[in-house]
Amino acid sequence: MTFPQLCTAAPVALDIPTATENDAITATAGLLTGWPDIVDTAGFLSAVLERQQINPPLLGNGIALPHARTPLVREVVMAILRTREPVPFGPQGSPVRLIFLYGIPPHHVSEHLATTAALARRLRDADRVRALLETTDADSFRQLLL
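Sequential numbering from 0 applies to the sequence shown in numbering that gives the first Met the number 0.
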């Protein structure tokens, strides 16, 4: 799946009230409940939270990329959540509002790297990040990522 296809398919939730990193990740993973490419949503969430404890992927500028490579995912999946207020993430309590959560099957190494790189390229643009924080609907949010 190409990055534009992944973005187009991704569920997006905007201005969700969450208080903690775990709440925010759980809410984002919850957007994938019933997703056909996830074998076990609860197990997938556990894998993401476990990886988050080891090495929380933060881009800075209020962006987090929680993810996991796990056999509980058949194909690359992504869900996106924007919190209402900044939520402290990682050991430093970095304020995060944009969460791009994705899952990758273990044998899809190139897709893992491509997804991470595509997100990093798009999200280093301060004007784009500002627009992602200001847009009012999910379709516009997705378009800003393409």
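Hint data in this document are derived by calculation from the structure and do not stem from the laboratory. Keep in mind it's a predicted model, so treat the numbers as computed, not measured. Don't be surprised by glycine CBs; every beta carbon is placed ideally from N, CA and C. Just to be clear, a hint being listed does not mean it is correct.
Derived Cβ-Cβ restraints for the label pairs, each shown as a range [unchecked claim]:
#1 Ser45 x Pro90: 19 to 25 Å
#2 Ala137 x Asn54: 14 to 20 Å
#3 Pro16 x Ala117: 15 to 21 Å
#4 Gln52 x Ser139: 30 to 36 Å
A quick look at each hint next to the structure:
| no. | hint | verdict |
| --- | --- | --- |
| 1 | Ser45 x Pro90: 19 to 25 Å | holds (20 Å) |
| 2 | Ala137 x Asn54: 14 to 20 Å | violated (29 Å) |
| 3 | Pro16 x Ala117: 15 to 21 Å | violated (29 Å) |
| 4 | Gln52 x Ser139: 30 to 36 Å | holds (34 Å) |
When each numbered hint is compared with the structure, violations occur for hints 2 and 3.
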